[in-house]
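Trainee: Given the coordinates of chain A, assemble chain B onto it according to the supplied hints.
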Amino acid sequence: MSLSLMAGASASLLPKRAQAATDITVLNWQGYGTDEAWSLKKFAETTGINVIHDYYSSESEALTKLHTNPGQYDLVVFSASRALQAISEGLLQPVDFSKVPNAAGVDKSVAENPNFNVDGKGYAVPWNWGLTSIAYREGIPEPVSYMALADKQFENRLCLMDDGITGVAMAALMTGQDINNPKDLGAIKDVLKSLKPNVKLLWSTEDQWNKAFAAKEFDISMFWSGSLVRSKRNLKLPVNFTVPKEGGMGWLAGLCIPSSSTKAVEALAFANWLMDPAFYVEWATKVGAPASVSQTIMDALPGDDLSRQFHKPEYLKSMAVMSALPDERLQAFTDLWLEIKAYYAS
Amino acid sequence: MNQNAQDVAIPRLRARRPPLPAWISTIALLLPTYAWLTLAIFLPLLAMFAFSFMSATPMGNRPIELTYRHYLAFIKQPYLLGIGLNSILIGLWTTSICAVLGFIAALALVRTTAGRSRETLLVLILLPFWTNALVRIFSWTMVLRENGFLDNLFHLILPDGGSIAILYTRYAIVVGLVHGYLPYMILTCYIALLAIDETLIEAAASLGARWWVVLGKILLPLALPGIVSGAVLIFIPVIGSFMEARILGGRVGVTMGTVIEDQFTQAFNWPLGASLSFTMLAVVLAILATFSGVLRRGSTM
Chain A
1 MSLSLMAGAS ASLLPKRAQA ATDITVLNWQ GYGTDEAWSL KKFAETTGIN VIHDYYSSES
61 EALTKLHTNP GQYDLVVFSA SRALQAISEG LLQPVDFSKV PNAAGVDKSV AENPNFNVDG
121 KGYAVPWNWG LTSIAYREGI PEPVSYMALA DKQFENRLCL MDDGITGVAM AALMTGQDIN
181 NPKDLGAIKD VLKSLKPNVK LLWSTEDQWN KAFAAKEFDI SMFWSGSLVR SKRNLKLPVN
241 FTVPKEGGMG WLAGLCIPSS STKAVEALAF ANWLMDPAFY VEWATKVGAP ASVSQTIMDA
301 LPGDDLSRQF HKPEYLKSMA VMSALPDERL QAFTDLWLEI KAYYAS
Chain B
347 MNQNAQDVAI PRLRARRPPL PAWISTIALL LPTYAWLTLA IFLPLLAMFA FSFMSATPMG
407 NRPIELTYRH YLAFIKQPYL LGIGLNSILI GLWTTSICAV LGFIAALALV RTTAGRSRET
467 LLVLILLPFW TNALVRIFSW TMVLRENGFL DNLFHLILPD GGSIAILYTR YAIVVGLVHG
527 YLPYMILTCY IALLAIDETL IEAAASLGAR WWVVLGKILL PLALPGIVSG AVLIFIPVIG
587 SFMEARILGG RVGVTMGTVI EDQFTQAFNW PLGASLSFTM LAVVLAILAT FSGVLRRGST
647 M
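If you read the protein sequences in the order shown, they are chains A and B. Residue 337 in our numbering sits at position 337 of the first sequence, with consecutive numbering throughout. Residue 582 in our numbering sits at position 236 of the second sequence, with consecutive numbering throughout.
Derived by calculation from the structure, the hints in this document are not laboratory data. Just to be clear, a hint being listed does not mean it is correct.
Listed next, with one range per pair, are the computed distances between beta-carbon atoms [claimed, not checked]:
#1 B:Tyr380 x A:Arg137: 39 to 45 Å
#2 B:Leu634 x A:Tyr343: 27 to 33 Å
#3 A:Gly176 x B:Ser638: 33 to 39 Å
#4 A:Tyr343 x B:Gly639: 35 to 41 Å
#5 B:Gln423 x A:Trp29: 32 to 38 Å
#6 A:Glu89 x B:Ile421: 56 to 62 Å
Beta carbons: idealized from backbone N, C-alpha and C, even for Gly.
Bound conformation, chain A alone:
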């Protein structure tokens, strides 16, 4: 009791300035890599920088927090679909990549992703990624195109993801269109309707997908790469993953520095730490992490690592990254998907 009181007193007696200089605040999802206690301890020992966390439960909440608490945060994790909005709202500052040597292992096509770059300046250190593509039961020949989903051999054996954005994006790839802004919604509707004889069910949670796949309810499906690694590693489901020739639908997450932060140098030191193979491999093997955008890190993972097997570097280069959609387009996609679902149900 008295000990902790004393500790509290001495902490408040420390010169404020010195303490402030070594504290940075990170804004992220809870349990998403930046807040691993073992890593923070080591980071503080090596650099003298203390990392404090605040969490969000949606990226729009993160935007609100940045707007309402300027100066509060020093590092924030954004996906490509939100980063551009944050940049355009003036919430982020350009990254000085000379302070992040570990970002050298990132492929140029990823580092220059238009969601992270404005006017030739990079506003995010790309960190990790994943994609939605085809998962299929072992023993089935590897599908080479999304058109395989409409194949007669999968009659009543297809499971789609119950999400309008993904549904439209998949159909956009099948019809050779931009996944974020397809021009011909009629063609998308037609191709989705053509899947009806094959559609057995729609999944909305990973758990539901796992249960139905384990019960052999379907053989082929659209699925998240990260979930697939878990299904295979933890549940030993007999499932394979492939990205057909049209490419996958991907997401990217990046480490960004708020424009109101005064501790960009310290924050970038932490970003560099998060891109360090030593940290990332431990995170991936001990806790479980999404695939890293750094080839150096992926190469450092054990050869039999499932995440490494299913997140091939060529997928990262060929995938179309999902961007943020304007309200009207989001509504149009959702309405279209609803119409398709009503058609499947009829």
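Mentor: Chain B in isolation, oriented as in the chain A frame:
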């Protein structure tokens, strides 16, 4: 003066002052409930009603305009009519099956059991209420699916029989809903049947009425209020249910409940979700109004 004198003379009587007027105690007893309902149901509902006339979800800094266009959804998106009809049909099927099963179960409880065994049976009926609805629904997927419990049992008896799996069909949704809502019907019927005077049945029997006459002329009409309140309690939530449809319905599990849920969680279009909810509410109220007239006439006969 006289009054005062009396008060002083018999102070003990003060404790037994004449009771407060009835309306005061009624208000005092109802106030907590109504205050709670106002706070927890009426105000959010009012907010949702206001949302349903907005052009966008009132979050962030987007400009909001007033519009009634969300109420035209059923006209602009005609496929919604099919979904709405599907929901109502599922509601009617669920309510009807619950009414038949619930009435029979309540009758068995009231007529053939007494004392401790009746209490035990009542508790057993309430058991489904003690488990999480999601757990109940997932259990049904294991029972109803291909190579599930039911399918395997059937194949033990008839190895060459086809599959009787009904998972991912409308039947599966109705099965899950009936399981979840049956206790309401049993309880309301049980209470109605319990109130029937035993001597009525004895009199009917002594006049030579067979069991089906007793059932049709005495038990059913007198238990009708119980069936009606059970039906209302079941029909309304079933129309808006979405979990059962999502998990048990597979491809056909598209109901108004899931559509409204999608508007809130996926499209982030609260106004449309709210307007669809209020449209459905109006339809349900209209159905109930129609039926309540018919049923009231029936019960006063």
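Trainee: Next step is simple, just say for each hint if it's right about the structure.
Mentor: How the hints compare with the structure:
Between B:Tyr380 and A:Arg137 the CB atoms are about 57 Å apart, so this pair departs from the stated range of 39 to 45 Å. Checking the proposed 27 to 33 Å range against B:Leu634 and A:Tyr343 shows it holds: the Cβ atoms sit about 31 Å from each other. A hinted range of 33 to 39 Å for the beta carbons of A:Gly176 and B:Ser638 is inconsistent with their spacing of about 57 Å. A C-beta distance of roughly 37 Å is found between A:Tyr343 and B:Gly639, which places it inside the suggested range of 35 to 41 Å.
For the hinted restraint 32 to 38 Å between B:Gln423 and A:Trp29, the CB-CB distance of approximately 35 Å keeps it satisfied. A:Glu89 and B:Ile421 have their C-beta atoms about 37 Å apart, which leaves the hinted 56 to 62 Å range violated.
Hints 1, 3, 6, counting from the list given before, are not met by this structure.
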